[in-house]
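> Each chain is listed here by its residues.
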Amino acid sequence: MDLTLEPGATALLGPSGAGKSTLLRLLNRLADPDSGAISLHGEDVRSLDPRALRRRACLVPQLPSPLPGTVAYNVRFGPSLVGRSVDPTRPLELAGLSSAYAEREASRLSVGEQQRVMLARALALEPEVLLLDEPTSALDEHTRAGVEATLAELALRTGVSMVVVTHDRGQANRLATRTVNLRDGRIDG
Amino acid sequence: MIGAASIHISIGEVAASLVLVAVAAAVSLWRRVDLERDLGVAVLRSFLQLTAVGYVIQAIFDSDSLWLVVLLLAVMVGFGSITARSRAKGVPGALGPIVLALATAAVVTIGLVLALGIFHPRPRYLVPVGGMVIGNAMTAAAVSLNRLADEIRGSALRIEATLALGATSWEASRDLVTRSLRSGMITLVDSTKTTGIVFFPGTMVGMLLAGARPLDAVRLQLILLWSLLGSVALSSVLATGLGYRGFFTPAHQLRDLEDGGS
Chain A
-17 MDLTLEPGAT
-7 ALLGPSGAGK
3 STLLRLLNRL
13 ADPDSGAISL
23 HGEDVRSLDP
33 RALRRRACLV
43 PQLPSPLPGT
53 VAYNVRFGPS
63 LVGRSVDPTR
73 PLELAGLSSA
83 YAEREASRLS
93 VGEQQRVMLA
103 RALALEPEVL
113 LLDEPTSALD
123 EHTRAGVEAT
133 LAELALRTGV
143 SMVVVTHDRG
153 QANRLATRTV
163 NLRDGRIDG
Chain B
8 MIGAASIHIS
18 IGEVAASLVL
28 VAVAAAVSLW
38 RRVDLERDLG
48 VAVLRSFLQL
58 TAVGYVIQAI
68 FDSDSLWLVV
78 LLLAVMVGFG
88 SITARSRAKG
98 VPGALGPIVL
108 ALATAAVVTI
118 GLVLALGIFH
128 PRPRYLVPVG
138 GMVIGNAMTA
148 AAVSLNRLAD
158 EIRGSALRIE
168 ATLALGATSW
178 EASRDLVTRS
188 LRSGMITLVD
198 STKTTGIVFF
208 PGTMVGMLLA
218 GARPLDAVRL
228 QLILLWSLLG
238 SVALSSVLAT
248 GLGYRGFFTP
258 AHQLRDLEDG
268 GS
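Protein sequences appear in the order of chains A and B. Anchor point for the first sequence: position 180 equals 162 in our numbering, and the numbering is continuous, going up by one each time. Anchor point for the second sequence: position 241 equals 248 in our numbering, and the numbering is continuous, going up by one each time.
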């Protein structure tokens, strides 16, 4: 596979088992490839500090799994690791959550709300790229449309690039300007 | 009969206690617990192992050599480490942290009770105290590492999500390591709380049987219990604090665990 991702929004589309999520995890080095290389702006990701890389290319996992604690704690956590303190209001707002959520216990929220917390805490790092692993697969249809709208608006407002893994062609078309089809770990068509 | 002033015990008296083993075997057969074989193995092994170690200890006491004590304790650390690792199977690369945990617990605890002048540096004190310290350190290391493996498997998604925010392996698993450390320490803390009420600890029982004054037996028991608290804490904190690394690569990636992840 040889693939170059441009700035903007790219969808990785394919059936389950096609290697979409694996590819996403290679981009921020949550995993390493058995062979081949991944580069960010021409730099081999293995030459970068994995933690710095993950702040630049921040992954929002498929299933929300917030840290125990409040929503605000979750949003502040990433920046606090590098000694930055952030106001959670704007990341929350970008993720479609009012600041009334800040002091609520993250694990007690609905799955859709938790998914937005996961998005907000990624945005708090002000990444260059958001890696979204099936961002709406755990959500019901109504909530899904809301999260999609938030993501589309986010791209317009912040200019952050996105790589969206999805098995839904419609979602790929709605969120991304380019679509890469994956099948059995290869680019298809 | 074993008299109060006597500490000589004949092999016939030991054999007589097999009647109680027969009771256990009868229960096992009657309720089909299927433990008769294990009971047999347990009786035979305890007889052989304790008899052998009895001769070893007798030889060490006779020689009065501290080097032999050090050698014996080193062997105990070795066997204890292998046993603890087999109980904490879910922890990759656990042997190194366990050896370090047991050895440190033994050296620091024994070093302190000697430095404080609680015991004389003689084999007859160091051998039994060392054995207790290493045995308890082994259990604590095994329990806490076992718990750590469960915690990390159960929280794999959350750990990866935290790593994805740029956290180090330690930052992503610190609270789980703390919980595991707690589980390694809590058993002894709890049993120390209830000691004397719910059960009599072994040393005290042994001293009373051997004819010591009750208050002397109690004082020695307190020294041992309190020393064990320290050694168990040291062992658990080292085992978990080093053992968690086995779950991660140097690039702060959660390793693929055999049965987890997608």
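Please keep in mind that the hints were generated in silico from the structure rather than gathered at the bench. Treat the numbers as computed from the prediction; the structure is a model and nothing was measured. From the three backbone atoms N, C-alpha and C, an ideal C-beta is built for every residue, glycine too. Among the hints, a few may not be true.
Distance windows between CB atoms, simulated [claimed, not checked]:
1. B:Thr256 with A:Pro(-11): 28 to 38 Å
2. A:Ser21 with B:Lys96: 33 to 43 Å
3. B:Ile89 with A:Ala120: 25 to 35 Å
4. A:Ser29 with B:Lys96: 33 to 43 Å
> For each hint, tell me whether it holds in the structure or not.
Now the hints, each set against the structure:
1. B:Thr256 with A:Pro(-11): 28 to 38 Å: Holds: the Cβ-Cβ distance is about 30 Å, inside 28 to 38 Å.
2. A:Ser21 with B:Lys96: 33 to 43 Å: 39 Å, holds
3. B:Ile89 with A:Ala120: 25 to 35 Å: 44 Å, violated
4. A:Ser29 with B:Lys96: 33 to 43 Å: 36 Å, holds
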